[in-house]
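J.: Going line by line, the protein sequences match chains L and A.
Residue 1 is where the first sequence starts when you use my numbering, and the numbers rise one by one after that.
Residue 1 is where the second sequence starts when you use my numbering, and the numbers rise one by one after that.
Please note: incorrect hints may appear among the correct ones.
What the hints assert, rightly or not - With a Cα cut of at most 27 Å, we get these calculated DSSO-like pairs of lysine-lysine:
| no. | chain 1 | residue 1 | chain 2 | residue 2 |
| --- | --- | --- | --- | --- |
| 1 | A | K23 | A | K66 |
| 2 | L | K138 | A | K138 |
| 3 | L | K46 | L | K291 |
| 4 | A | K24 | L | K138 |
| 5 | L | K106 | A | K261 |
| 6 | L | K46 | L | K23 |
| 7 | L | K198 | L | K312 |
| 8 | L | K24 | A | K138 |
| 9 | L | K198 | L | K138 |
| 10 | L | K262 | A | K106 |
| 11 | A | K106 | L | K106 |
| 12 | L | K138 | A | K23 |
| 13 | A | K106 | L | K261 |
| 14 | A | K296 | A | K46 |
| 15 | A | K66 | L | K138 |
| 16 | A | K6 | A | K291 |
| 17 | A | K262 | L | K106 |
| 18 | A | K138 | L | K23 |
| 19 | L | K46 | L | K106 |
| 20 | L | K66 | A | K138 |
FYI, nobody ran anything at the bench for these hints, they're computed from the structure.
As a plain string of letters, each chain reads:
2 protein chains.
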Amino acid sequence: MLDLWKRYPQVDKQLNDVNSLIKKLMVSDNSAIQSLLDDCARQQGKMLRPGLFLLFSQLAQNSTAKTDRLIKIAASLEILHQATLIHDDIIDDSPLRRGTITLQAKYGKDTAVYAGDLLFTVFFQLLIETMNGTHYLKINADTMQRLLQGELSQMAARFQQQPVAAYLDNIRGKTAALFRLACLEGAYFGGSDPTTTKLAGEIGENIGMAFQIFDDILDYSSSTGVLKKPVLEDVAQGVYTLPLLLAYQTAPTEFKELLAKKQQITKGEVRQIAHLVKKHHGTEQAKLLAKDYTQKATAKIAQLPVTPVSQKIAQLAQKLLQRTF
Amino acid sequence: MLDLWKRYPQVDKQLNDVNSLIKKLMVSDNSAIQSLLDDCARQQGKMLRPGLFLLFSQLAQNSTAKTDRLIKIAASLEILHQATLIHDDIIDDSPLRRGTITLQAKYGKDTAVYAGDLLFTVFFQLLIETMNGTHYLKINADTMQRLLQGELSQMAARFQQQPVAAYLDNIRGKTAALFRLACLEGAYFGGSDPTTTKLAGEIGENIGMAFQIFDDILDYSSSTGVLKKPVLEDVAQGVYTLPLLLAYQTAPTEFKELLAKKQQITKGEVRQIAHLVKKHHGTEQAKLLAKDYTQKATAKIAQLPVTPVSQKIAQLAQKLLQRTF
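One chain only, chain L, in its complex shape (with noise of 0.2 Å):
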């Protein structure tokens, strides 16, 4: 992984141990199932949920937190967002998903779909081993009911012109409630004072804003063999994000005709539209929206405790939007 992490010594030898309990915790006595969380454990993303997770439980001085609690609250946040992960691949055949092998088409919906219960159930099984009893248990499910919303605001939304506000509630829905959630309960968990876990939630909810229209902006601006998945997949789908949603603004009848044709677009418009995004400085607008998010976290990391931690932290909020996958 993790390139992200390496310059975080103390996260990055924890996320080792937060990998290894993921890996004993997703396992299955059915095959598929288990070839399934394989897979997913091969594609291991950039932790960045746990990795936010553990650096900002590092927050709290002196702190008498217990490293085995820690570690199975940041797998907790990896698994829900595997979960999430599988059933979000269960969307319904798009003519144009082609050269993605999804989960779905390689082991069957049923299995994806019990795969992704499972891991909602380990996640389940994890919250009560770390924090049954505490408020903390309903801010989770009221986390999981948020990141389900996004999601569900986003199918609703399929093939449609959003306005940009409700573009923006979708992912801090669907993206920006997790990472909020990973902040939050690193400070909690650390042992930070009341105010600075507030700050903490309110930062890890812009920096999730900032990730999330990154990533989309990256759908755009990438190629495939950097990013590492296909590029203008989400227009296929139907999924219009904030480069497109911002051009569409500038321009909407150099778009009508092309968004017209919804599921039965071709590849070719795809790349029409993608270049019509550019003409009309799509990626560039959303790129200053990314910004802004960063910059309303940077204001609040700047009330954070001044610590080596709260610098790093900062430092982390700049990086995240100089990536290139």
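Got chain L; can you put chain A on it based on the hints?
T.: Structure of chain A alone, referenced to chain L:
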């Protein structure tokens, strides 16, 4: 619903409150999800799990249990059941699954996935509201895992003549685990002593085993009109239940050619299988096993403190084996 519960006026009355609560909780801003949830609500089943929970909650004399809490836990059991039903419905399309409009076919697989996930979240939230800090959270999470493992084993065994013991293991997870939980929680949260509570769980498991076997018998012996769902659907989907497995043991050679067709089996051939199951007394043999489990339940019910409630529980266990749907 619920002719079944008319004989138990207090349970019947409380089930109305459970239903109102479920309707209040099964809501979504997303119109597709809402329609799917409304369909589920309309197809209201027998409310066995919340009904058993409420009946067992009456076992304790002079209980100080708060009705509000009991209604919520009862609702959590039905909602978990509905969530698993919705996800079980997302199987890979079988050519023989005509005639049924499945939720996935009507609303799309993605909608069905998210609707189930939403109900898991509601389930989780109800538990946190009613039993945060107790060890029953873990019991619930473990039960959820057992349900899932039962489903997975059933999926793995599709189109295979599994041993009877493996079938029994599957239904112990898939069905009996939730019946066990309903009765166990009913006794516990109703205020019963530990001995009664433990017995309640065992009674629930045996009732659940008998119930599922009887359900599988009805798939062979009932008609579509009476059962209100297509008969012989399991075979077409490769789910070989007890009547078939027992008949197969008696005369394997007569089945071999037909079962070898697997997914390619025709409706006519499914009827031939049903005929063979009848000829080799598969349903009668299965009924004997169902009666065994009912007798086990009855023997344990006899160990409960003698009250009007324990008599009602004994009646109900018998009644579940006399139903026609």
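J.: All hints, please: hold or fail.
T.: Hints and how they fare:
1. A:K23 to A:K66: holds (21 Å)
2. L:K138 to A:K138: holds (15 Å)
3. L:K46 to L:K291: Distance ~21 Å between L:K46 and L:K291 Cα, so the pair holds.
4. A:K24 to L:K138: holds (19 Å)
5. L:K106 to A:K261: Given that 27 Å is the threshold and the Cα spacing comes to 23 Å, the pair holds.
6. L:K46 to L:K23: holds (16 Å)
7. L:K198 to L:K312: holds (19 Å)
8. L:K24 to A:K138: Given pair L:K24, A:K138 holds - Cα atoms ~19 Å apart, limit 27 Å.
9. L:K198 to L:K138: holds (16 Å)
10. L:K262 to A:K106: holds (20 Å)
11. A:K106 to L:K106: holds (24 Å)
12. L:K138 to A:K23: Since the Cα atoms of L:K138 and A:K23 sit roughly 21 Å apart, the hinted pair holds (cutoff 27 Å).
13. A:K106 to L:K261: The given pair, whose Cα atoms are some 23 Å apart, holds under the 27 Å limit.
14. A:K296 to A:K46: Holds, at roughly 23 Å.
15. A:K66 to L:K138: Status holds; Cα separation ~21 Å.
16. A:K6 to A:K291: holds (24 Å)
17. A:K262 to L:K106: Holds - the C-alpha atoms of L:K106 and A:K262 are around 20 Å apart, at most 27 Å.
18. A:K138 to L:K23: holds (21 Å)
19. L:K46 to L:K106: holds (23 Å)
20. L:K66 to A:K138: holds (21 Å)
Going through the hint list in order, the structure satisfies each hint without exception.
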